[in-house]
Amino acid sequence: MFASISFAQVLDFVGTLAFAISGIRLASAKRFDLFGAYVVGVTTAIGGGTLRDLMLSRTPFWMTDSFYLLCSAFALLWVIVFRRYLVRQNNTWFLFDTVGLAMFTVTGIERTLAVGLPFWTAVVMGAITGAGGGVFRDVFINEVPLIFRKDIYALCCVVGGAFYYVCLRLGLDNVTCGLVCGLFVILSRVLAVKYHWHLPVLKSED
Amino acid sequence: MFASISFAQVLDFVGTLAFAISGIRLASAKRFDLFGAYVVGVTTAIGGGTLRDLMLSRTPFWMTDSFYLLCSAFALLWVIVFRRYLVRQNNTWFLFDTVGLAMFTVTGIERTLAVGLPFWTAVVMGAITGAGGGVFRDVFINEVPLIFRKDIYALCCVVGGAFYYVCLRLGLDNVTCGLVCGLFVILSRVLAVKYHWHLPVLKSED
Amino acid sequence: MFASISFAQVLDFVGTLAFAISGIRLASAKRFDLFGAYVVGVTTAIGGGTLRDLMLSRTPFWMTDSFYLLCSAFALLWVIVFRRYLVRQNNTWFLFDTVGLAMFTVTGIERTLAVGLPFWTAVVMGAITGAGGGVFRDVFINEVPLIFRKDIYALCCVVGGAFYYVCLRLGLDNVTCGLVCGLFVILSRVLAVKYHWHLPVLKSED
Chain A
2 MFASISFAQV
12 LDFVGTLAFA
22 ISGIRLASAK
32 RFDLFGAYVV
42 GVTTAIGGGT
52 LRDLMLSRTP
62 FWMTDSFYLL
72 CSAFALLWVI
82 VFRRYLVRQN
92 NTWFLFDTVG
102 LAMFTVTGIE
112 RTLAVGLPFW
122 TAVVMGAITG
132 AGGGVFRDVF
142 INEVPLIFRK
152 DIYALCCVVG
162 GAFYYVCLRL
172 GLDNVTCGLV
182 CGLFVILSRV
192 LAVKYHWHLP
202 VLKSED
Chain B
2 MFASISFAQV
12 LDFVGTLAFA
22 ISGIRLASAK
32 RFDLFGAYVV
42 GVTTAIGGGT
52 LRDLMLSRTP
62 FWMTDSFYLL
72 CSAFALLWVI
82 VFRRYLVRQN
92 NTWFLFDTVG
102 LAMFTVTGIE
112 RTLAVGLPFW
122 TAVVMGAITG
132 AGGGVFRDVF
142 INEVPLIFRK
152 DIYALCCVVG
162 GAFYYVCLRL
172 GLDNVTCGLV
182 CGLFVILSRV
192 LAVKYHWHLP
202 VLKSED
Chain C
2 MFASISFAQV
12 LDFVGTLAFA
22 ISGIRLASAK
32 RFDLFGAYVV
42 GVTTAIGGGT
52 LRDLMLSRTP
62 FWMTDSFYLL
72 CSAFALLWVI
82 VFRRYLVRQN
92 NTWFLFDTVG
102 LAMFTVTGIE
112 RTLAVGLPFW
122 TAVVMGAITG
132 AGGGVFRDVF
142 INEVPLIFRK
152 DIYALCCVVG
162 GAFYYVCLRL
172 GLDNVTCGLV
182 CGLFVILSRV
192 LAVKYHWHLP
202 VLKSED
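Chains as they are written, first to last, in our numbering: chain A, 2 to 207; chain B, 2 to 207; chain C, 2 to 207.
FYI, nobody ran anything at the bench for these hints, they're computed from the structure.
Ideal Cβ placement from N, Cα and C applies to all residues, glycine included.
Warning: the hint list may mix true and false statements.
Covered by chain B, per the in silico footprint, the following chain A stretches (three or more residues, Cβ under 8 Å) [claimed, not checked]:
{"#": "1", "stretch": "36-45"}
{"#": "2", "stretch": "65-72"}
{"#": "3", "stretch": "76-87"}
{"#": "4", "stretch": "138-144"}
{"#": "5", "stretch": "150-159"}
Residues on chain B that point at chain C, a partial pick, calculated with CB under 7 Å [what the hints assert, rightly or not]:
{"#": "6", "residue": "Arg32"}
{"#": "7", "residue": "Asp34"}
{"#": "8", "residue": "Leu35"}
{"#": "9", "residue": "Phe36"}
{"#": "10", "residue": "Gly37"}
{"#": "11", "residue": "Leu57"}
{"#": "12", "residue": "Ser67"}
{"#": "13", "residue": "Leu71"}
{"#": "14", "residue": "Asn91"}
{"#": "15", "residue": "Phe95"}
{"#": "16", "residue": "Gly117"}
{"#": "17", "residue": "Pro119"}
{"#": "18", "residue": "Asn143"}
Taking lysine-lysine and the BS3-like style, the derived pairs with C-alpha atoms no more than 30 Å apart in a straight line are [to be verified]:
{"#": "19", "chain 1": "B", "residue 1": "Lys204", "chain 2": "C", "residue 2": "Lys195"}
{"#": "20", "chain 1": "C", "residue 1": "Lys31", "chain 2": "A", "residue 2": "Lys31"}
{"#": "21", "chain 1": "C", "residue 1": "Lys195", "chain 2": "A", "residue 2": "Lys151"}
{"#": "22", "chain 1": "B", "residue 1": "Lys195", "chain 2": "A", "residue 2": "Lys204"}
{"#": "23", "chain 1": "C", "residue 1": "Lys195", "chain 2": "A", "residue 2": "Lys195"}
{"#": "24", "chain 1": "B", "residue 1": "Lys151", "chain 2": "C", "residue 2": "Lys204"}
{"#": "25", "chain 1": "C", "residue 1": "Lys31", "chain 2": "A", "residue 2": "Lys204"}
{"#": "26", "chain 1": "A", "residue 1": "Lys195", "chain 2": "A", "residue 2": "Lys31"}
{"#": "27", "chain 1": "A", "residue 1": "Lys151", "chain 2": "B", "residue 2": "Lys195"}
{"#": "28", "chain 1": "B", "residue 1": "Lys151", "chain 2": "A", "residue 2": "Lys31"}
{"#": "29", "chain 1": "C", "residue 1": "Lys151", "chain 2": "B", "residue 2": "Lys31"}
{"#": "30", "chain 1": "C", "residue 1": "Lys31", "chain 2": "C", "residue 2": "Lys195"}
{"#": "31", "chain 1": "A", "residue 1": "Lys195", "chain 2": "B", "residue 2": "Lys195"}
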């Protein structure tokens, strides 16, 4: 059975789990009930890809594959069981979240190229796939979306997407392009957090 | 003329009216103007079904049938005229709202099955059709969505959907499946409110 | 080169720029970083048309034409460079914003009629195209949408749309219908702001 699980599926699992857990933790901090926490977790995990698929006129990916909702249910169980240890697992979840960001970016780029849209659209779709779920999450918990205020997050997807393009123009195959793009997303995100890189805030008008 | 109005259309009217009124009342409590209150009312009534139709790659149902926007206009008129009596009508509107929740859940399930998607997707679509409008409403009035924090609401749709599935597997026809599902949604919602059933809140991490 | 730029494209540019700048200014007032400000600006400019295109089962217009994202980048640059002069430019930006509202309303009506939907649906789509972006903007900056509380804004689109319909029934061509509709949107918006016209607020239930 395990022999048939691809490397991409493992990354998809890791990313979905990490995204769902980030949603569930923020929802529980706001005293959502179990159902609300699950919905916020699912939305964080699948929201970006759903918006991408709607824009590409496709059936949202999770509607034909129960993996994503089950994975989010597993995330809910994890938070319930390992509640007291989550803070200590923070570094692991940050890493998993970053792997998910990279994976979802690559998926978004490739699905957009597959329908024949221009490359810059694919880069935007990659960023929406990677970062869109977190925006939905923050709207649901009634906060200003975190990625608009601090941290370099979606920008990693955009620059990763540019690397995908360069590789593609160099004649490299899809798998290599995806790997380079994904590694760049992970590297830039880790460096940005480690060295507290932030984008400048627009100065006020006064 | 009335002879041609089906039972399902009556339920659709009752539900649309109750959903729109819930949106208009909350909007007016936040001092929205007439236009804003109407938009929130319409969104509460049609938001869930619109999201469902977008996900099913269909034209949103209200775009080809003026009934739903007219019905929401009637709801606005009702709130203006019977403003002083709305609180006394609370039980009636709770019942109508619950009928609408049941009706919309069944519609969501059946439209999803009609395009050949799996049953669990149909159950999720039923819950989105029933409960999605209320989430949009709460985002518009800038509150944390009520159904995420308290009350058993969307969960009634999910368990109602499971009953639909059981009936279908038992070989019952669509109408019977829909009736059983709808009655279960109504019954569970009424019991949950009457006996103050709540889902547990996730414990904080500390 | 400039010879090939149509009048409609100029209006599209003016409107996109004004909408994006309104988003960027509100985002910077909330201390969003450059990336967040850009995303809010883009969303303000293209959000309404994107929702319209999704509802019409079309690929969102900006995904096949890089003009709109570039124009929003230009808006961001404008806000950075002319930060100190923006308040003095307020009347200009109000006028440009109003031109954009008119232009987007006409576009929304015509694209809806083009797919054969009824006229009242086209009027609603016109209003969504014109006013939808501002609603997304306000959700992102976590404020109650401005157009629901004060100002006559989306209503100008609706009445402009009604004028389009009258012209069409009188047998006038598309361009004339669009001009009359657009001029009415501009006129009604300017008058509403100049004379502080507001819609009544729903009275509270007590």
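Could you check the structure against the hints above and give me the numbers of any it violates, in ascending order?
-> 5, 11, 13, 14, 15, 16, 17, 19, 21, 22, 23, 27 and 31
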